[in-house]
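Undergrad: Based on the sequences and whatever the hints tell you, model everything.
2 protein chains.
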Amino acid sequence: MKAPRVPDGLGGPLSEPLFQRLALIGMGLIGSSLARVCRRKGLAHEIIATDSSSAVRARAIELALADRVMETAAAAVEAADLVILCAPVGVMGAIAREIGPRLKPGAIVSDVGSVKASIIKAVAPHLPSMVHFVPSHPVAGTEQSGPEAGFSTLFFNRWTILTPPEGTSPKAVARLASFWTGAGAYVEIMQPAHHDLVLAITSHVPHLIAYNIVGTAADLEEVTRSEVIKFSAGGFRDFTRIAASDPTMWRDIFLNNKEAVLEMLGRFNEDLSALQRMIRNGDAEGLFDLFTRTRAIRRGIIEQGQETAAPDFGRRAGET
Amino acid sequence: MKAPRVPDGLGGPLSEPLFQRLALIGMGLIGSSLARVCRRKGLAHEIIATDSSSAVRARAIELALADRVMETAAAAVEAADLVILCAPVGVMGAIAREIGPRLKPGAIVSDVGSVKASIIKAVAPHLPSMVHFVPSHPVAGTEQSGPEAGFSTLFFNRWTILTPPEGTSPKAVARLASFWTGAGAYVEIMQPAHHDLVLAITSHVPHLIAYNIVGTAADLEEVTRSEVIKFSAGGFRDFTRIAASDPTMWRDIFLNNKEAVLEMLGRFNEDLSALQRMIRNGDAEGLFDLFTRTRAIRRGIIEQGQETAAPDFGRRAGET
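Line order of the protein sequences matches chains A and B. The opening position of the first sequence corresponds to residue 35 in the numbering used here, with each subsequent residue numbered one higher. The opening position of the second sequence corresponds to residue 35 in the numbering used here, with each subsequent residue numbered one higher.
Honestly, the hints are just simulated from the structure, not real lab data. Hints are supplied without guarantee of correctness; some may be wrong.
Just so you know, same-sequence chains aren't split out, so a pair can sit in one copy or run between any two.
25 Å max Cα-Cα, derived SDA-like pairs, lysine to any residue [said to hold, decoys possible]:
{"no.": "1", "residue 1": "75", "residue 2": "104"}
{"no.": "2", "residue 1": "292", "residue 2": "319"}
{"no.": "3", "residue 1": "205", "residue 2": "220"}
{"no.": "4", "residue 1": "292", "residue 2": "304"}
{"no.": "5", "residue 1": "155", "residue 2": "135"}
TA: Right, dumping it as structure tokens:
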């Protein structure tokens, strides 16, 4: 079901490309969206793509996502002045080992992984000293995966966080920031460890508890799966969206941001115990107080353009 | 921001009304949506409305939601053959006490509360024996409240659960089922206690953990509120929608479905502890397995028309 195209604010191509040759390693949701926006905005003169899956490479060719699609990451990075790793967190180190010796001196290497400290640890040792490693994380996505799922406005009005390790060339950071700005994103610079803590609460723990409650509901015996599905409009279905995200990507995120996730999950559990006690004790005032406080954050998210104000996410927009 | 009106499947008026006079006690999201759909589908010859708030009554008059808007529930139910209580769970008993002596013999009394056993306990004793009490729960809603928030297709393609107490007239149950079918809903009959268990997992616990994580995020010191807002597109914002629901309504639900909620929350907590252990132990296979299993339920929900298949809830429909 394809909705009619609506105008967006991303606009047309820059007067000249920011990079000569961009190599995208991985053509999933993020990699293929980057390919699309780079083409549309003319961010790179030439786009080279690859993916570890031959089926995905074939789709990338059919969809004309890049100027050339190579069979290996090592071949794809040849002469590239910007290389972006768009692969699950768990394979970033292996890709870095493969491409390290083939990187052009002076090239900028980046990635789009959802954790940063562990990626830096896995990737940096494999990169030669004359390339600039500027890790990035575009905080954008949908529950869908693969080269068909991407679209050029995925990053528009969303934040991309750069976490350059100490000593990174400020010029390289600024060039990469311009690239993300060109893709429609806002850019913020952060320490890797702080990034991992912020994302643990804004993304990783939400996914974890969404996966968890969907799992709980699926395993019940007193309530059938058919009942869960029928009556999901009571709130449950909101959780199923992010619990339908790519399993490999999310497995890697939890394995690679263990400490921050467990820390934030600990806070969540403490608060949930308190809330459980309020229900057990019939603490009407405590419940009302929490349920009132939580509205303010959504208002902030809507006001800052990170969410739609339409009721029910606009699922049934236009009904009267 | 009003999206363009799209055609819907609710259709036009019935050839003749199912009820002569419908009294709606409460003009919030549900009551005002009922008023709209009853008008549009001609489900009742005459619609009488009331609300405990004079401001809401005034809005109901401005919006022409009913034929007449009365100042009290007692006045509103006069000569009505269908009375529906559309008020927070905690005040249902008091309304029943007020209207009991004024109900027309043979009238059907229903409600739209999200818990059923405790409402039956609170309401039934106040109703005279010659009226039929058929509790109902339309599993539909948005995070918005008040008479402006309602719309005629709120119940369309959603399930309404009827929980008639033992001994209820089957004819009264069938008449009320026709009413909900006329409003576009599917109807299911259930034991009150089973309803409360099903809704605990499909609605009440999801709301509870959404309120909880939004509260956790709001209270952090290492991560600022501004960071939570900026980077909420990573998943957190999905939770803020249901955590923006009406605080009075939700306080009452948790106070009145304590046992089922604590039971389901216990299951959720057990599963979350197991998941926490998987992360701590780096159990890649266990994580992957859960994250794969949870996709099936969403597929079921989409296939059965209870959810949109558009990525990201269709928040940015039409982008390419």
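Undergrad: Need the list of violated hint numbers for this structure, in ascending order.
TA: Every hint satisfied by this model.
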